Amino acid sequence: MNYSILIYETAADFAARTDPDPKQREAYWAAWPVYANALREAGVFVGGAGLQRPETATTLRFRDGQRLVQDGPYADTKEQLGGFFIIDVPDLDTALAWAARVPRAPGRSFEVRPNLVPPGAAP
Amino acid sequence: MTSARRAVEQAARESWGRLLAFLAARTRDLAAAEDALADAYAAALETWPQRGVPEKPEAWLLTAARRRLIDGARHARVQADAVPALLALTNEAQEMVLTEDRFPDERLRLLFVCAHPAIAAAVRTPLMLQVVLGLDAARIASAMLVQPAAMGQRLSRAKAKIRDAGIAFEVPDTAALPERLDAVLEAIYAAYGSGWDDPAGADPRRDGLAAEALDLGRLLLRWLPAEPEAHGLLALMLHCEARRSARRNAAGAYVPLQEQDTTRWSRGLIAEAERHLGGAARAGVMGRFQLEAAIQSVHAQRAVSGRTDWEAIALLYAGLVRFAPTVGAQVGHAAALAEARDAAAGWAQLQAIPAAAVAGYQPYWAVAAHLLARLARRAEAQAAYARAIGLCEDPALRAFLAAQARAV
Numbered sequence: 445m446n447y448s449i450l451i452y453e454t455a456a457d458f459a460a461r462t463d464p465d466p467k468q469r470e471a472y473w474a475a476w477p478v479y480a481n482a483l484r485e486a487g488v489f490v491g492g493a494g495l496q497r498p499e500t501a502t503t504l505r506f507r508d509g510q511r512l513v514q515d516g517p518y519a520d521t522k523e524q525l526g527g528f529f530i531i532d533v534p535d536l537d538t539a540l541a542w543a544a545r546v547p548r549a550p551g552r553s554f555e556v557r558p559n560l561v562p563p564g565a566a567p
Numbered sequence: 037m038t039s040a041r042r043a044v045e046q047a048a049r050e051s052w053g054r055l056l057a058f059l060a061a062r063t064r065d066l067a068a069a070e071d072a073l074a075d076a077y078a079a080a081l082e083t084w085p086q087r088g089v090p091e092k093p094e095a096w097l098l099t100a101a102r103r104r105l106i107d108g109a110r111h112a113r114v115q116a117d118a119v120p121a122l123l124a125l126t127n128e129a130q131e132m133v134l135t136e137d138r139f140p141d142e143r144l145r146l147l148f149v150c151a152h153p154a155i156a157a158a159v160r161t162p163l164m165l166q167v168v169l170g171l172d173a174a175r176i177a178s179a180m181l182v183q184p185a186a187m188g189q190r191l192s193r194a195k196a197k198i199r200d201a202g203i204a205f206e207v208p209d210t211a212a213l214p215e216r217l218d219a220v221l222e223a224i225y226a227a228y229g230s231g232w233d234d235p236a237g238a239d240p241r242r243d244g245l246a247a248e249a250l251d252l253g254r255l256l257l258r259w260l261p262a263e264p265e266a267h268g269l270l271a272l273m274l275h276c277e278a279r280r281s282a283r284r285n286a287a288g289a290y291v292p293l294q295e296q297d298t299t300r301w302s303r304g305l306i307a308e309a310e311r312h313l314g315g316a317a318r319a320g321v322m323g324r325f326q327l328e329a330a331i332q333s334v335h336a337q338r339a340v341s342g343r344t345d346w347e348a349i350a351l352l353y354a355g356l357v358r359f360a361p362t363v364g365a366q367v368g369h370a371a372a373l374a375e376a377r378d379a380a381a382g383w384a385q386l387q388a389i390p391a392a393a394v395a396g397y398q399p400y401w402a403v404a405a406h407l408l409a410r411l412a413r414r415a416e417a418q419a420a421y422a423r424a425i426g427l428c429e430d431p432a433l434r435a436f437l438a439a440q441a442r443a444v
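Listed in order, the protein sequences are those of chains A and B.
Offset between the first sequence (1-based) and the numbering used here: plus 444.
Offset between the second sequence (1-based) and the numbering used here: plus 36.
If you're looking for bench data, these hints aren't it; they were derived computationally from the structure.
Each hint should be verified, as a subset may be incorrect.
In silico lysine to any residue, SDA-like type, Cα no more than 20 Å apart, as pairs [claimed, not checked]:
1) B:Lys197 with A:Pro562
2) B:Lys197 with A:Thr521
3) B:Lys197 with A:Asn559
4) B:Lys197 with A:Ala455
5) B:Lys92 with A:Arg557
6) A:Lys522 with A:Thr502
7) B:Lys197 with A:Ser448
8) B:Lys197 with A:Val533
9) B:Lys197 with A:Thr502
10) B:Lys197 with A:Asp532
11) A:Lys522 with A:Gln496
12) B:Lys197 with A:Tyr472
13) B:Lys197 with A:Asn446
14) B:Lys197 with A:Thr538
15) B:Lys197 with A:Pro563
16) B:Lys197 with A:Val561
17) B:Lys197 with A:Asp535
18) B:Lys197 with A:Pro534
19) A:Lys522 with A:Tyr472
20) A:Lys522 with A:Ala455
21) B:Lys197 with A:Phe554
22) B:Lys197 with A:Lys522
23) B:Lys92 with B:Arg42
24) B:Lys197 with A:Leu560
25) B:Lys197 with B:Pro208
26) B:Lys197 with A:Gln496
27) B:Lys197 with A:Glu555
28) B:Lys92 with B:Ala43
29) B:Lys197 with A:Asp537
The following residues of chain B were derived to be distant from chain A, with all beta-carbon distances above 10 Å [stated by the list, open to error]:
30) Asp71
31) Pro93
32) His152
33) Pro390
Partial list, derived from the structure: chain B residues whose beta carbon lies under 10 Å from chain A [claimed, not checked]:
34) Arg64
35) Tyr77
36) Ile198
Model, not experiment: these values are computed from the prediction.
Every residue, glycine too, gets a C-beta built ideally from N, C-alpha and C.
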């Protein structure tokens, strides 16, 4: 069964990606490929992506058929979606175990959700 | 009532949880398994009176439930793939039923699914009562003081979450066991408390809930015979249960623990509680429920010695506050100190509890009132009694507190 691990990052997280101090930058970047490799080696990796800063997001809404384009992410929350992994594991506890191994940082949170299986598709 | 009807009811009492655990563990869909099993029992009510009770009632029920599950899966074409899997899995069940004497008991898995941290804490106890013991939503709702419709909704949401989030029907491994076991123990104790809060048995909807919690406690021990906290919980419940009939006098008035007639305590239940407390101690790992049971054990010794060792109780409460710093433990500690030393010591301890935590906690105000009265602070004692009475749900306890207040 496929699960998405959604990674919610803080403003500090997003800032660390381009921190002028190479040590800070390195601290952010180093952990991710190691984790992704672990997923691959365990044979559970399905996909994933890191997302750029929320400021780069553009939100599209339709009101009365009118297209409204707005600068910024959909939800204005303290933590923002910073990336996700999709993994294929047998059950929730296994998914949670993998989510617990995602690189951590203060304030960073993880949401685990089963992926939707379209009607008629083999689960 | 016909004998066939009695046979169905007996099968429901004895086999519901075991049949459901078996079906749900294999289909991973609790709600569908429950519906199928309920249909199977309904079919039994129709068929057994006419054709007689089958030789293996559980096998009959399982076959009927299996048919419903397969029909259901075929009907909802989206899950057509599930049909061969269902057939294979339930064939296995069929064989087991036909060859073994007793149906395998997999209710422990079900208990741990209900106690999964991904399930909202408030719904874990109701879920266990429903799926493991087969209580209906209305009965659980009234025991937990919730609207039946709201309870039904919460329960179906929880079952959908178990199915959709893919929670495994497994006993967790040793790393995850402690957290999940705590939730199981808490839920069983909460079920016992709901029954215990109605000591007079005045509320028929709560009748039997304490007994069912005791059943769950015994069940848990059959699987985890070496788990000290499971022994501790059962010992605690048994000690409380031993005093059930002494908590009210002949007129139905509330009798505080210290004034209870110890000849009305059940020696059999006390002995059973002590055996479990001893069993827990052998593991050499202390825990919250063992400490609570030990406190009740000291109280129980009054039946033999005629006195209560308050120093021991205060010491055990101090330990309990370290393990589980609940308001209840802190209030208990203060009350024990007041008895072991003096009212001033108890009052000082009581004052240390944050005010926000006790605003709606009736036992705090009852203990505070009692200690203030002993300290001759009459006006404050009256005010505290008024608050305790205002927070009281039990009419007998309210009458007792009112009488205490008048005596100040």
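Are lysine 197 of chain B and phenylalanine 554 of chain A close enough, with their CA atoms no more than 20 Å apart?
holds, 18 Å
Taking only the CA atoms, is the gap from lysine 522 of chain A to alanine 455 of chain A under or equal to 20 Å?
Distance of about 8 Å is within 20 Å: holds.
Straight-line Cα separation of lysine 197 of chain B and threonine 538 of chain A no greater than 20 Å?
Given that 20 Å is the threshold and the Cα spacing comes to 16 Å, the pair holds.
Decide if the proposed pair is consistent with the structure: lysine 197 of chain B and proline 562 of chain A, CA atoms, cutoff 20 Å inclusive.
Roughly 18 Å separates the two Cα atoms, so the pair holds.
Are the Cα positions of lysine 197 of chain B and proline 534 of chain A separated by 20 Å at most?
holds, 16 Å
Beyond 10 Å from each Cβ of chain A, as asserted for histidine 152 of chain B
The claim is violated: histidine 152 of chain B sits with its nearest Cβ about 8 Å from chain A, within 10 Å.
Check the hint pairing lysine 92 of chain B with arginine 557 of chain A against an upper bound of 20 Å on the C-alpha distance.
violated, 42 Å
Given the hinted pair lysine 197 of chain B and glutamate 555 of chain A, is their alpha-carbon gap at most 20 Å?
holds, 15 Å
Assertion that proline 390 of chain B lies outside the chain A interface [Cβ separation over 10 Å]
holds, 27 Å
Using 10 Å as the Cβ threshold, decide whether isoleucine 198 of chain B counts as touching chain A.
Constraint on isoleucine 198 of chain B satisfied, holds at 9 Å.
If you draw a straight line from the CA of lysine 522 of chain A to the CA of tyrosine 472 of chain A, is it 20 Å or shorter?
holds, 19 Å
Given the hint that lysine 197 of chain B pairs with alanine 455 of chain A, does the C-alpha gap stay at or below 20 Å?
Distance ~32 Å between lysine 197 of chain B and alanine 455 of chain A Cα, so the pair is violated.
Of the numbered hints given earlier, the model fails hints 2, 4, 5, 9, 12, 22, 26, 32, 35; all others are met.
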